[in-house]
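Student: Using the sequences and the hints, build the whole thing.
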Amino acid sequence: MDIKNVKLNICLLFIFFLSSSYTAYSLAQTRKNSLIPKENPFTVKASLVRYWNKQISNKLPKPDFLFSKASPLSAADSAFFTNLATQKSLSGHISAFCSSAKLFCFSESNPYLDKTPSKDANFAVYNNKKFATYGSGRLGGGDDFKNYSDGINFATGEFTKYSRSSTGHHEDFTSYAADGNVATGNFTSYAAGATGGGGTFQNYMPRVNVPDLRFASYDSDGNNHKLSFNNYVGDTNSGREFFISYAKNGNGVPAEFTTYGDTSNVIGSSFNGYGESGNAANDSFKAYSSNSNNPNNNFKNYGSGGNSGIDSFESYRDAANAGSDTFTSYARGSNTGKVNFLNYGKSFNEGKDIFKGYGSQGAKFPSVGFKVYGVNNSFKEYSPKGVNFAGYTKKTGPITGSLKTSGKTVNKWVEEGKFFRESMLKEGTVMKMPDIRDKMPGRSFLPRTISSKLPFSTKELTELKSIFHAEENSTMEHVIGNTLAECERAPSPGEKKQCVASIEDMIDFAISILGHNVIVRTTDNVAGSKGEVMIGKVKGINGGRVTKSVSCHQSLYPYLLYYCHSVPKVRVYQADILNVDTKAKINHGVAICHVDTSSWSPGHGAFVALGSGPGLIEVCHWIFENDMTWAMVD
1 MDIKNVKLNI
11 CLLFIFFLSS
21 SYTAYSLAQT
31 RKNSLIPKEN
41 PFTVKASLVR
51 YWNKQISNKL
61 PKPDFLFSKA
71 SPLSAADSAF
81 FTNLATQKSL
91 SGHISAFCSS
101 AKLFCFSESN
111 PYLDKTPSKD
121 ANFAVYNNKK
131 FATYGSGRLG
141 GGDDFKNYSD
151 GINFATGEFT
161 KYSRSSTGHH
171 EDFTSYAADG
181 NVATGNFTSY
191 AAGATGGGGT
201 FQNYMPRVNV
211 PDLRFASYDS
221 DGNNHKLSFN
231 NYVGDTNSGR
241 EFFISYAKNG
251 NGVPAEFTTY
261 GDTSNVIGSS
271 FNGYGESGNA
281 ANDSFKAYSS
291 NSNNPNNNFK
301 NYGSGGNSGI
311 DSFESYRDAA
321 NAGSDTFTSY
331 ARGSNTGKVN
341 FLNYGKSFNE
351 GKDIFKGYGS
361 QGAKFPSVGF
371 KVYGVNNSFK
381 EYSPKGVNFA
391 GYTKKTGPIT
401 GSLKTSGKTV
411 NKWVEEGKFF
421 RESMLKEGTV
431 MKMPDIRDKM
441 PGRSFLPRTI
451 SSKLPFSTKE
461 LTELKSIFHA
471 EENSTMEHVI
481 GNTLAECERA
491 PSPGEKKQCV
501 ASIEDMIDFA
511 ISILGHNVIV
521 RTTDNVAGSK
531 GEVMIGKVKG
541 INGGRVTKSV
551 SCHQSLYPYL
561 LYYCHSVPKV
571 RVYQADILNV
581 DTKAKINHGV
591 AICHVDTSSW
601 SPGHGAFVAL
611 GSGPGLIEVC
621 HWIFENDMTW
631 AMVD
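For the sequence shown, full-length UniProt numbering begins at 1 and goes up steadily by one.
Derived from the structure by calculation, the hints contain no laboratory data. Positions of the beta carbon are idealized from the N, C-alpha and C atoms, including for glycine. Heads up, a few of these hints could be off.
Said to hold, decoys possible - Okay, the calculated beta carbon distance ranges per label pair: (1) Asn53 to Gly613: 42 to 52 Å; (2) Lys537 to Ser89: 50 to 60 Å; (3) Lys497 to Glu472: 24 to 34 Å; (4) Val430 to His93: 48 to 58 Å; (5) Lys496 to Ser57: 18 to 28 Å.
As the list claims (entries may be wrong) - Result set (BS3-like, lysine-lysine): computed pairs, CA atoms no more than 27 Å apart in a straight line: (6) Lys426 to Lys539; (7) Lys583 to Lys432; (8) Lys530 to Lys432.
Tutor: Below is the structure:
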């Protein structure tokens with residue numbers, strides 16, 4: 001046989017063998033793949049993938065960190081709850097809905113404890129109980145609430161009519177609800193009619209994200225039941241406290257507020273009818289709202305009709321950033337009331353104080369002293385007699401809010417590293433990383449089929465309260481109302497904004513600003529948070545040119561909600577974050593630098609931290625955990 005024919009036959013046999021093997025392999029793979037269940041095309045995630053492919057023009061990998069926030073509802077559950085939302089019947093199934101959809105829902109109704117304890121009690125490591133009418137009528141003794149509801153996500157305490165009509169009973173709230181996300185306390189009619197004894201609130205709700213406290217008729221008709229608020233709601237963010245008819249008709253009820261709201265961010269307190277018709281009240285506000293950012297306090301009818309009351313405001317709102325206080329009808333109709341304001345309102349940026357009807361309208365022999373108090377105060381209808389103004393601070397020019405220590409800028413109001421200059425973003429720089437950890441409760445987006453059918457406006461607050469079972473004047477009502485108000489706020493000059501309740505809504509807003517060829521980024525993790533870090537390799541997005549982006553920040557709401565806004569004239573960077581000692585990479589951060597700050601408020605935290613003003617400098621900050629920024633693809 002010809003050698004050429006032999007070689008040809010061998011080649012043909014080899015090709016036939018390969019073809020048969022590949023066919024057999026393909027059949028086997030087909031059989032194997034047929035056994036793998038295909039993803040249900042009707043699931044929320046499958047629908048989201050289709051929407052992403054339709055709206056985003058590039059083929060870059062889909063962002064896992066964003067898709068992980070999609071609703072966990074199954075196709076059947078999604079259809080079921082969508083139908084309920086359409087029929088406005090979701091309220092009757094809210095417990096199942098919150099559980100299945102991974103929402104932030106809570107009930108402010110919790111089990112009551114024994115109302116008639118026979119001995120002193122230590123409630124260490126307790127959480128979320130009701131102490132209504134607990135300790136009423138007790139003689140002597142005391143209860144200790146130490147580390148109560150410590151570090152839990154939603155801390156609630158019901159102390160209605162607690163220690164009412166007791167004699168010589170002491171209550172100690174130490175490190176109460178520390179480091180919680182949302183904390184609420186209801187002290188309505190607390191210690192009403194109590195004689196002697198006292199209550200101490202020390203390190204009460206420190207570092208809480210949204211404290212919500214109500215002291216209605218607290219210590220009313222009481223007799224010398226002393227109260228001490230020491231380091232009360234310090235380092236908190238937002239929140240409110242109500243002292244309504246506090247110590248009303250009380251007899252010699254002393255109250256001391258020391259370092260109340262210290263270094264807090266936008267704290268608000270309302271003292272309505274506080275000490276009204278009281279006899280020989282003695283209240284001291286020392287270092288109240290000091291070092292805070294924009295604290296707002298309202299004293300309405302405070303000490304009205306009181307007899308021989310003494311109030312002292314020492315270093316009140318001292319060194320705070322801006323802030324506002326209103327004293328309406330303060331000490332109205334009182335008899336020989338005495339008030340001293342020492343170092344009052346010496347805020348870093350100008351605050352605003354209104355004294356309307358102060359010490360007037362029927363007051364007898366008032367004695368009011370203002371010694372070394374701040375600028376921008378309004379005194380309307382105050383008593384022409386008995387009011388002394390000494391050491392009023394004149395406006396002499398800009399006040400610096402930073403201290404220089406060994407050449408390093410130290411600031412008391414803004415966390416170090418929260419804002420920085422663009423020049424810091426270069427390889428080898430050692431800088432302080434702020435706390436970039438997400439403090440919000442874990443939640444998921446809703447499918448757009450459900451979120452689009454839910455009310456979402458302050459005008460529909462009543463309907464929303466019904467859906468989420470939010471009681472009147474409850475913490476949940478406060479959470480919902482605050483977020484709706486922020487979403488309805490008019491945009492800043494040049495800003496476009498939208499609150500989004502689904503990933504589809506976020507995609508739509510981003511592409512409406514940036515076009516379809518976009519990418520979304522976030523900081524990889526929280527390594528380096530609150531510590532010194534070194535900057536590694538830095539890359540400017542879009543070549544480091546001035547561009548525009550869309551930033552999205554979480555808002556506190558029952559379901560996952562983001563406040564997204566367009567940010568014109570920015571530069572966006574990616575940077576490796578290294579361990580200072582080992583130089584090992586520990587994180588990959590995303591930073592955004594605002595080139596045009598001309599429309600920002602002079603009291604903005606960035607200027608407080610960096611010591612400048614609107615339009616004079618650029619301001620940079622990191623993208624925190626679970627926040628994100630969208631940009632055009634390079």
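Student: If you test the structure against every hint from before, which numbers come out violated?
Tutor: none
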